[in-house]
Amino acid sequence: MVEKATGWRLFRKTVWGRAYPRIIGLSREPSWLFFEVVIPAIGLLAYLFIYKFLGGGSTDRTQTDILGLVILGGAAVTYWLNILWMMASQLYWDKQEGLLELFILSPTSLMAILLGMSIGGLVMATIRASAVMIFGIIVFSIQFSLAGILPALAAFLITMFALYGLGMMLSTVFLLWGRAAWQVSLALTEPIYALSGMYSPLNALKNPVLVAAAGIVPISLGLDAIRQLLLPSLFDGSPFSGVLNPWLEVGILFAAGVVFNIAAYILVKRVEWLAKVKASLSLRWQ
Amino acid sequence: MSAIIHDSPKKVVGDVAESLRTFKVASWLGWQIESNWADPFAFFVFSIMRPLGASLILVLIYGAVSGNNSQPEAFTYLYVSNAWFTLVVNTIVGLSWTIIDEREFYKMLKYVYTSPARIIPFLMGRGLAKIVIGMLTFVVLMGIGIIFFPMTLSWGAVQWGWLPVYFVLGMIMLVGLGLIMAAVSLRTARHGGSIGEIVAGLLLLFCGAYYPVDVLPDWIQKISLAVPVTYWLEGMRRATAGRVLAPVVEGHPSIMSQIGDLQLLGILVFCAVASLSFSIWFYKFVERTAKEAGVIDKVSNY
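Protein chains in written order, with my numbering: chain Y, 545 to 830; chain S, 2 to 303.
Hints are computed from structural coordinates only; laboratory data are not their basis. Some hints could be false.
[Claimed, not checked] If we take Cβ atoms under 10 Å as the criterion, some of the chain S residues that face chain Y in the derived model are:
1) A43
2) F47
3) I49
4) A55
5) Y63
6) S67
7) F76
8) I199
9) L203
10) L206
11) D215
12) L217
13) V249
14) V250
15) D298
16) V300
[To be verified] Mimicking SDA-like on lysine to any residue, the simulated pairs with C-alpha atoms at most 25 Å apart in a straight line are:
17) K596(Y) x V228(S)
18) K108(S) x A291(S)
19) K292(S) x G569(Y)
20) K223(S) x Q259(S)
21) K596(Y) x E105(S)
22) K820(Y) x W560(Y)
23) K596(Y) x I221(S)
24) K111(S) x G569(Y)
25) K557(Y) x I663(Y)
26) K111(S) x F283(S)
27) K596(Y) x F283(S)
28) K12(S) x I221(S)
29) K12(S) x V26(S)
30) K299(S) x I568(Y)
31) K25(S) x I173(S)
32) K299(S) x R572(Y)
33) K299(S) x S633(Y)
34) K596(Y) x Q259(S)
35) K299(S) x L570(Y)
36) K111(S) x E35(S)
37) K548(Y) x M655(Y)
It should be emphasised that the depicted structure is a prediction, and the values quoted were computed from it without experimental measurement. Note that the Cβ used here is the ideal one computed from N, Cα and C, for glycine as well.
Taking the hints into account, I'd like the entire structure generated from these sequences.
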């Protein structure tokens with residue numbers, strides 16, 4: 545007699561069950577290492593040469609720091625791509641695969657599935673981002689401030705709390721949106737890179753309204769805070785500076801994370817209602 | 002033997018007709034998939050957002066570095082190159098993503114393979130919509146650039162004779178690269194983005210899209226000069242601006258400024274022929290191995 549999991553045990557098992565394929569998938573398909581780490585990390589160099597062409601980074605030290613700025617942006621890109629393609633678009637993808645029907649029919653909660661998706665995605669993206677960082681540190685001799693590592697780690701964790709809250713929220717919004725969601729994911733990729741300062745300092749936006757708009761995507765403020773903490777000599781006002789004090793940015797991110805996670809919970813309940821009561825959401829090609 | 006000689010021209014004509022039919026149907030299908038999810042205006046806005054975002058990244062980097070020291074020639078180089086690079090991305094991604102889309106999303110790749118449709122014309126047809134979108138995007142980007150940014154361009158300077166020649170040669174070459182990436186996609190899983198996009202990102206480093214190859218270290222410069230897209234972008238920049246952009250780099254004449262128009266034409270003709278021939282052979286080779294391994298319809302699902 546197999547005991548059925550219920551309550552928190554079911555919740556916990558669902559979270560692990562959904563996270564599992566993403567974590568294990570990495571070891572089953574090693575080609576990601578080449579296509580998603582080595583090639584993009586080399587591609588990041590292009591941005592360094594833009595700075596060089598335009599006359600930025602006149603000394604070796606500044607050039608290495610600018611490369612640090614770009615590599616940190618490249619690592620952040622990994623998380624943003626994970627949010628767009630493996631969080632926001634995932635429920636819609638699951639619907640088209642016919643899996644969403646099974647999720648809805650199963651006795652577990654959709655929130656647990658989303659949480660598992662987030663944890664799996666976070667592990668997946670962290671391994672990729674770490675590989676990009678290690679590649680950058682070893683190959684390009686990037687030096688980060690040792691004193692800034694622990695504070696930057698704290699800023700990173702808060703950023704992820706907000707970012708994956710946004711991801712869970714978007715996954716339900718995109719599901720309600722239908723096929724347009726796929727195109728939205730595609731269309732948002734580069735504009736968000738630009739607004740979030742993935743390859744340029746956030747203060748290059750100059751206009752406070754644009755900076756505030758960029759702040760909606762947690763990675764922009766998080767990246768600005770992490771860059772200030774890890775590359776203090778580059779962000780001391782010459783040539784670049786942060787838009788806000790890094791700890792103020794972390795505070796804003798924490799508040800945003802709470803809002804995004806609550807909004808995700810409300811939206812998930814709405815999705816479950818639409819699927820179970822109205823039967824209008826979970827079927828393929830609807 | 003006589004039958005083969007007698008039948009061959011008929012067979013060739015039949016093959017060409019069948020390929021054209023596949024291409025036509027796939028182009029229509031590709032256009033529907035790309036565009037029928039929204040009204041034309043929304044579709045157009047969404048289509049230009051990505052390249053516009055890429056241009057904005059460059060504008061921001063330019064603003065962050067240049068400050069008050071305006072460098073219109075360098076900016077024009079960056080901006081024009083980036084606008085043309087949109088076509089590089091769209092063409093390569095258009096072909097390679099089709100494999101992922103048909104295999105993993107619509108799950109139709111196995112049916113395409115079992116139908117009489119010709120796979121290479123099918124891929125080219127499916128990719129055509131993205132190429133057309135890339136061309137429209139180029140026009141919009143250039144319009145925005147000329148109106149809002151400090152560009153050193155004029156209508157009178159455009160080399161209208163060279164422009165279509167370089168363009169056609171480049172398209173042949175890029176379709177070849179797209180086919181190579183499609184072949185790679187046939188044997189690899191669905192990764193976060195498509196392999197086409199990843200490789201297009203890599204090309205940014207090597208093809209001098211954002212800077213003259215002169216600023217690169219020697220070893221990267223050597224690779225850069227071996228990449229066909231480097232020469233195509235130079236051709237398109239020249240035809241658009243009517244001159245070599247950024248002819249002097251760090252006080253020296255740039256490498257590209259020392260290549261004449263006819264020399265550039267010769268290089269592009271060679272690259273176009275080599276790229277298309279190799280890519281067709283490569284695709285067929287990989288396709289055979291994929292069939293033998295039974296992975297034509299293998300999906301990733303994570």
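Hints violated by the structure (listed by number, smallest first)
Violated hints: 13, 15, 21, 27 and 28; rest satisfied.
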